[in-house]
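*Asks:* Below, each chain spelled out in residue letters.
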Amino acid sequence: MAQLVDDDPRIIEFDVRTDEMLINMGPQHPSTHGVLRLVLRTDGEIVSQVEPHIGYLHRCAEKIGENLSARQWIPYTDRMDYLAAMNMNLGWSLAVEKLMRHEVSERARHLRVLIVELGRISSHLVGMGAYGLDLGTFSPFLYAFREREKILDLFEEACGARLTYSYITVGGATADLPPGWLAKCETFLDQFEPVIQEYHALLTTNAIFIKRTAGVGVLSREMAIDYGCSGPVLRGSGVDQDLRRDGESMYTAMYDGYAFEVAVQKNGHYPRDHSYPAVPPDAVLGDCWHRFFVRMLEVVQSMDLVRQAIDRYSACKEPLGEPLKLMEKLPVGDVYLETECPKGQMGFYLVGDGSPIPWRVRARSSSFSNLSVLHELCRGCLIADVPAIVGSLDVVMGEIDR
Amino acid sequence: MRGPAFLERLEAALPGAIVATHLEAIDPSVEVAAEQLVDVCRWLKESSDSRFDSLESVTAVDWFEPDPKKAAKVTWSPHTELIYHLWSTVSRVSLVLKVKLPRWKGDVPGQLPEVASVAGIWRTADWHEREAYDLSGIHFTGHPDLRRILCPEDWEGHPLRKDYEMPLEYHGIRAK
Numbered sequence: 000m001a002q003l004v005d006d007d008p009r010i011i012e013f014d015v016r017t018d019e020m021l022i023n024m025g026p027q028h029p030s031t032h033g034v035l036r037l038v039l040r041t042d043g044e045i046v047s048q049v050e051p052h053i054g055y056l057h058r059c060a061e062k063i064g065e066n067l068s069a070r071q072w073i074p075y076t077d078r079m080d081y082l083a084a085m086n087m088n089l090g091w092s093l094a095v096e097k098l099m100r101h102e103v104s105e106r107a108r109h110l111r112v113l114i115v116e117l118g119r120i121s122s123h124l125v126g127m128g129a130y131g132l133d134l135g136t137f138s139p140f141l142y143a144f145r146e147r148e149k150i151l152d153l154f155e156e157a158c159g160a161r162l163t164y165s166y167i168t169v170g171g172a173t174a175d176l177p178p179g180w181l182a183k184c185e186t187f188l189d190q191f192e193p194v195i196q197e198y199h200a201l202l203t204t205n206a207i208f209i210k211r212t213a214g215v216g217v218l219s220r221e222m223a224i225d226y227g228c229s230g231p232v233l234r235g236s237g238v239d240q241d242l243r244r245d246g247e248s249m250y251t252a253m254y255d256g257y258a259f260e261v262a263v264q265k266n267g268h269y270p271r272d273h274s275y276p277a278v279p280p281d282a283v284l285g286d287c288w289h290r291f292f293v294r295m296l297e298v299v300q301s302m303d304l305v306r307q308a309i310d311r312y313s314a315c316k317e318p319l320g321e322p323l324k325l326m327e328k329l330p331v332g333d334v335y336l337e338t339e340c341p342k343g344q345m346g347f348y349l350v351g352d353g354s355p356i357p358w359r360v361r362a363r364s365s366s367f368s369n370l371s372v373l374h375e376l377c378r379g380c381l382i383a384d385v386p387a388i389v390g391s392l393d394v395v396m397g398e399i400d401r
Numbered sequence: 000m001r002g003p004a005f006l007e008r009l010e011a012a013l014p015g016a017i018v019a020t021h022l023e024a025i026d027p028s029v030e031v032a033a034e035q036l037v038d039v040c041r042w043l044k045e046s047s048d049s050r051f052d053s054l055e056s057v058t059a060v061d062w063f064e065p066d067p068k069k070a071a072k073v074t075w076s077p078h079t080e081l082i083y084h085l086w087s088t089v090s091r092v093s094l095v096l097k098v099k100l101p102r103w104k105g106d107v108p109g110q111l112p113e114v115a116s117v118a119g120i121w122r123t124a125d126w127h128e129r130e131a132y133d134l135s136g137i138h139f140t141g142h143p144d145l146r147r148i149l150c151p152e153d154w155e156g157h158p159l160r161k162d163y164e165m166p167l168e169y170h171g172i173r174a175k
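Here the protein sequences line up with chains S and B, keeping their order. Reminder that position 38 of the first sequence reads as 37 in numbering that gives the first Met the number 0, one-by-one numbering, no gaps. Reminder that position 137 of the second sequence reads as 136 in numbering that gives the first Met the number 0, one-by-one numbering, no gaps.
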């Protein structure tokens with residue numbers, strides 16, 4: 000009998016008692032996307048609780064904003080979401096323009112669409128490449144950065160910077176595009192288009208990738224809304240909302256005349272899904288795979304928008320217009336404006352008191368709200384799934400900590 | 000933002016909740032009584048036809064001028080203002096709620112002003128209120144876990160208050 004017990008491995012497993020353990024992950028962990036610290040309460044391999052600790056990058060940008068003029072604060076918005084600085088510049092510029100009731104020229108409008116959609120592609124490429132890295136595959140990261148590099152080259156030629164642009168500014172942009180830039184942009188789009196299929200082969204349809212993401216970290220529609228999630232995290236849960244279409248008229252006017260479909264699953268189908276990989280049978284709406292897939296669809300959507308913007312921009316013969324003065328006085332009043340940044344809905348709140356320096360500045364960060372749902376997603380998951388879930392939220396700490 | 004008919008329904012459902020309306024502003028807002036904030040929020044989320052199911056942000060603004068020369072010229076009296084930006088994913092409209100609080104509870108300096116937490120209505124309010132507590136020093140009563148979120152837990156003061164003074168040092172690190 001004793002022999003039997005020793006031979007049966009299951010009995011030994013029942014014999015071992017597991018204890019709860021606290022595991023510290025971060026703030027210097029490679030898969031926490033910057034300086035996010037997670038304290039995991041685990042029982043064996045199962046995570047029972049996740050407690051995010053944030054603030055390691057906190058600079059109190061809002062307080063800095065109370066000491067600078069509205070245009071002087073633009074470089075600080077660069078440093079929030081430093082992977083999509085163009086989009087952050089735009090969000091703040093539009094909020095200030097809303098307070099000043101200022102309307103930019105037609106040329107500036109198309110220039111902005113062109114630039115921010117390129118910014119969205121570059122942000123999603125980092126999100127995609129880093130996600131592969133989180134899941135243990137290195138190649139997609141290199142593939143993604145190879146293409147992103149070309150976008151950064153384009154940005155560098157337009158404004159001189161590769162990461163913190165301060166290009167889009169209150170009243171338009173700091174400079175018009177240099178001659179020959181549009182042709183280079185079109186060349187980039189032409190060679191980028193077939194590369195998307197490589198990404199799908201590397202990740203989207205990869206059997207290991209699907210095993211790691213499908214059905215993991217399922218975020219229900221109701222919970223996504225309750226936690227204020229936005230962007231691909233919200234759309235990945237099947238909520239049909241994109242501020243470029245549904246936002247305030249101040250913002251949607253920018254996309255007037257542009258044709259695009261919101262990347263969200265409706266009635267079990269993604270838009271134009273005939274030409275893209277089918278949803279794997281294991282995937283559940285709201286899981287990591289869907290959040291990733293929405294980003295991939297948005298890359299194609301943004302490419303399409305960039306092409307449309309190039310046509311409209313080159314048809315515009317009027318001048319770009321000068322940006323507003325550095326110390327332009329702000330009217331008395333307060334405004335709030337949200338824009339659709341690659342990571343989600345980025346809101347800026349601004350109180351003007353008649354001087355050039357705002358009385359109060361507030362940045363509502365999309366990643367901040369997206370991260371707050373993490374403890375719900377990680378309850379009961381495996382330790383190895385924590386990086387998969389964090390990566391699928393695609394947070395950037397510069398924006399969360401501000 | 001909704002028209003006056005919407006406000007009439009709110010007034011009928013919760014008499015006395017609306018303190019003032021600013022409909023002519025760029026972002027029209029409704030100022031509600033601090034004591035009825037939770038009831039108003041619950042009504043907005045559950046009963047109103049717009050169903051404000053999403054809370055976008057909670058912002059605190061400190062209306063205080065530390066410079067006595069400038070303070071003599073301002074038209075407002077010192078107070079703290081809380082701003083709630085709501086959004087409805089159903090009808091895609093936004094709403095701005097404002098709540099006025101004293102800068103200090105009972106006008107005793109150091110006593111944080113109190114307002115009821117709305118974390119029981121929108122879960123996202125949990126982190127947003129923690130941030131407002133951390134940076135602006137608002138005490139949200141009934142909050143499940145009111146701790147600092149961005150500053151270190153042993154940080155002193157609330158940086159976004161206009162009379163905040165940067166500490167000389169923090170754990171041996173020169174700060175000023």
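Worth double-checking, as some hints may not be accurate.
Claimed, not checked - In silico BS3-like cross-links for lysine-lysine, where the CA-CA straight-line distance does not exceed 25 Å: (1) S:Lys62 / B:Lys99; (2) B:Lys72 / B:Lys161; (3) S:Lys97 / B:Lys104; (4) S:Lys62 / B:Lys44; (5) S:Lys149 / B:Lys99; (6) B:Lys68 / S:Lys328; (7) B:Lys161 / S:Lys328; (8) S:Lys62 / B:Lys72; (9) B:Lys72 / S:Lys210; (10) S:Lys316 / B:Lys97; (11) B:Lys97 / B:Lys175; (12) S:Lys183 / B:Lys99; (13) S:Lys62 / B:Lys161; (14) B:Lys175 / S:Lys328; (15) B:Lys175 / B:Lys99; (16) B:Lys69 / B:Lys161; (17) S:Lys328 / B:Lys72; (18) B:Lys99 / B:Lys69; (19) S:Lys149 / S:Lys183.
Calculated from the structure, these hints are not laboratory results. A quick note: this is a predicted structure, and the numbers were derived from the prediction, not measured.
*Asks:* Would you mind marking each hint as holding or not holding in the structure?
*Replies:* Now the hints, each set against the structure:
The suggested pairing of Lys62 of chain S with Lys99 of chain B holds, with an alpha-carbon distance near 21 Å, which does not exceed 25 Å. Between Lys72 of chain B and Lys161 of chain B the alpha-carbon distance is near 17 Å, which keeps this suggested pair within the 25 Å criterion. Distance check on the hinted pair: Lys97 of chain S and Lys104 of chain B sit about 35 Å apart at the alpha-carbon level, beyond 25 Å; violated. A threshold of 25 Å between alpha carbons decides the hint, and for Lys62 of chain S with Lys44 of chain B the separation of about 32 Å lies outside it, so the pair is violated.
Simply put, Lys149 of chain S and Lys99 of chain B have alpha-carbon atoms about 50 Å apart, too far for the 25 Å limit, and the pair is violated. Between the alpha carbons of Lys68 of chain B and Lys328 of chain S the distance comes to roughly 21 Å, so the proposed pair stays at or under 25 Å and holds. At roughly 21 Å between alpha-carbon atoms, Lys161 of chain B and Lys328 of chain S fall within 25 Å of each other, so this suggested pair holds. For the given pair, Lys62 of chain S sits about 23 Å from Lys72 of chain B by alpha-carbon distance, which is consistent with the 25 Å threshold.
Under the criterion of a C-alpha separation no larger than 25 Å, the hint pairing Lys72 of chain B with Lys210 of chain S is inconsistent with the structure, at around 65 Å. As the CA atoms of Lys316 of chain S and Lys97 of chain B are separated by approximately 45 Å, the hinted pair breaks the 25 Å bound. At roughly 35 Å between alpha-carbon atoms, Lys97 of chain B and Lys175 of chain B are farther apart than 25 Å, so this suggested pair is violated. For the proposed pair Lys183 of chain S and Lys99 of chain B, the alpha carbon gap of about 54 Å is over 25 Å, so the pair is violated.
With a C-alpha separation of about 9 Å, the suggested pair Lys62 of chain S and Lys161 of chain B falls inside the 25 Å cut-off, and the hint holds. Taken as a hint, the Lys175 of chain B and Lys328 of chain S pair is broken in the structure, with Cα atoms around 30 Å apart against an allowance of 25 Å. Taking the CA atoms of Lys175 of chain B and Lys99 of chain B, the gap is near 33 Å; set against the 25 Å cutoff, the hint is violated. Distance hint between Lys69 of chain B and Lys161 of chain B is fulfilled; the C-alpha atoms sit about 13 Å from each other, no more than 25 Å.
The straight-line distance between the Cα atoms of Lys328 of chain S and Lys72 of chain B is roughly 18 Å, inside the 25 Å bound, and the hint therefore holds. Under the criterion of a C-alpha separation no larger than 25 Å, the hint pairing Lys99 of chain B with Lys69 of chain B is consistent with the structure, at around 22 Å. Annotation: proposed proximity of Lys149 of chain S to Lys183 of chain S holds, straight-line Cα distance about 10 Å (limit 25 Å).
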